[in-house]
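Colleague: These are the residues of each chain, in order.
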Amino acid sequence: GAGVSQSPSNKVTEKGKDVELRCDPISGHTALYWYRQRLGQGLEFLIYFQGNSAPDKSGLPSDRFSAERTGESVSTLTIQRTQQEDSAVYLCASSFFRGVQETQYFGPGTRLLVL
Amino acid sequence: DQQVKQNSPSLSVQEGRISILNCDYTNSMFDYFLWYKKYPAEGPTFLISISSIKDKNEDGRFTVFLNKSAKHLSLHIVPSQPGDSAVYFCAASARVFGNEKLTFGTGTRLTIIP
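As they're listed, the protein sequences go chains A and B. Heads up, the first sequence is in the working numbering, so the first residue is 1 and it goes up one at a time. Heads up, the second sequence is in the working numbering, so the first residue is 1001 and it goes up one at a time.
It is worth saying that the hints were derived from the structure and are not from the lab. Hints may contain errors.
Below are the PhoX-like pairs computed for lysine-lysine, each with C-alpha atoms no more than 25 Å apart in a straight line [said to hold, decoys possible]: (1) A/Lys57 <-> A/Lys11; (2) B/Lys1038 <-> A/Lys11; (3) A/Lys57 <-> B/Lys1005.
Cβ-Cβ distance ranges computed for the label pairs, FRET-style [to be verified]: (4) A/Leu115 <-> B/Arg1061: 30 to 36 Å; (5) A/Ser66 <-> B/Gln1014: 44 to 50 Å; (6) A/Gln80 <-> B/Ser1074: 26 to 32 Å; (7) A/Asp63 <-> B/Glu1015: 46 to 52 Å; (8) A/Thr78 <-> B/Thr1045: 26 to 32 Å; (9) B/Ile1018 <-> A/Ala2: 39 to 45 Å; (10) B/Ala1041 <-> A/Thr13: 17 to 23 Å; (11) B/Ile1113 <-> A/Val12: 33 to 39 Å; (12) B/Ile1053 <-> A/Pro55: 41 to 47 Å; (13) B/Pro1114 <-> A/Arg64: 45 to 51 Å; (14) B/Met1029 <-> A/Ser5: 29 to 35 Å; (15) A/Arg64 <-> B/Ala1070: 38 to 44 Å; (16) B/Pro1114 <-> A/Val12: 34 to 40 Å; (17) A/Asp63 <-> B/Lys1054: 39 to 45 Å.
No residue lacks a Cβ here, since even glycine has one placed at the ideal position from N, Cα and C.
Taking the hints into account, I'd like the entire structure generated from these sequences.
Modeller: Here it is, written out as structure tokens:
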């Protein structure tokens, strides 16, 4: 596809369950970012991938959060033992990374609701 | 701490007039600034950016101004159109971070009144 895609678009889960969120970046984009937006707040950075490596995980809020990227393409964000405060829109973005600042292009997001 | 601040949560502007959205930042390491527009149930869409070596960048109806000494940037939309009604996010990044992770403001909801 032409843009960044994410799945599922919506996810409702019970507290304590694990969830997996998927991101398909724009083909050829080497950099991939995960952000989240909680209600009434701005977007907050979670993790950055360059290729399949994650040199910056500084935004992950707890060890219940993990992410991986394979084939320099698809990325999965996993939240274990979900809590109600994990409810948010999780957004993925991708860009070229050529040593100069590049525009990040965002997917539509996954809306996660933890009951 | 909120390193990028958008102090106006909402703004209403008459169609055809100028919309001015403001953003302040505190981290002097930021050297690249972007504006994104977001419609409900969609991801943010890139609008315009500016590097810290410039003080103005223009693209059609959109102009971004950067005042480094005041750590302030603004987005001007002229003339404003009904389709401009959306939430606008200011974002900043710094090459010193080693990547381009964005720090976002909390957004300003712009409503264009026909």
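Colleague: Give a verdict on every hint.
Modeller: For each hint, the structure was consulted:
Distance hint between A/Lys57 and A/Lys11 is fulfilled; the C-alpha atoms sit about 24 Å from each other, no more than 25 Å. Taking the CA atoms of B/Lys1038 and A/Lys11, the gap is about 21 Å. The hint holds against a cut of 25 Å. About 23 Å separates the Cα atoms of A/Lys57 and B/Lys1005, which keeps this hinted pair within 25 Å; it holds. As the Cβ distance of A/Leu115 to B/Arg1061 is approximately 43 Å, the hint placing it in 30 to 36 Å is violated.
Checked against the given bound of 44 to 50 Å, the beta carbons of A/Ser66 and B/Gln1014, roughly 49 Å apart, stay inside it. For the hinted restraint 26 to 32 Å between A/Gln80 and B/Ser1074, the CB-CB distance of approximately 42 Å leaves it violated. With their beta carbons about 50 Å apart, A/Asp63 and B/Glu1015 fall inside the hinted range of 46 to 52 Å. Against the hinted window of 26 to 32 Å, the Cβ-Cβ separation of A/Thr78 and B/Thr1045 comes to about 27 Å, which satisfies the hint.
Judged by the Cβ atoms, the range 39 to 45 Å given for B/Ile1018 and A/Ala2 is violated: they are separated by roughly 33 Å. Evaluation of the 17 to 23 Å hint for B/Ala1041 and A/Thr13 yields a pass: the beta carbon distance comes to about 19 Å. The supplied range of 33 to 39 Å is met by B/Ile1113 and A/Val12, whose beta-carbon atoms lie about 36 Å from each other. The hinted window of 41 to 47 Å between B/Ile1053 and A/Pro55 is violated, with their beta carbons roughly 26 Å apart.
Range check, B/Pro1114 to A/Arg64: Cβ separation about 47 Å, and the 45 to 51 Å hint holds. The supplied range of 29 to 35 Å is met by B/Met1029 and A/Ser5, whose beta-carbon atoms lie about 33 Å from each other. A hinted range of 38 to 44 Å holds for the C-beta pair A/Arg64 and B/Ala1070, which are about 40 Å apart. Restraint check, B/Pro1114 to A/Val12: a C-beta distance of roughly 37 Å satisfies the suggested window 34 to 40 Å.
Checked against the hint of 39 to 45 Å, the pair A/Asp63 and B/Lys1054 passes, with Cβ atoms roughly 41 Å apart.
Hints 4, 6, 9 and 12, counting from the list given before, are not met by this structure.
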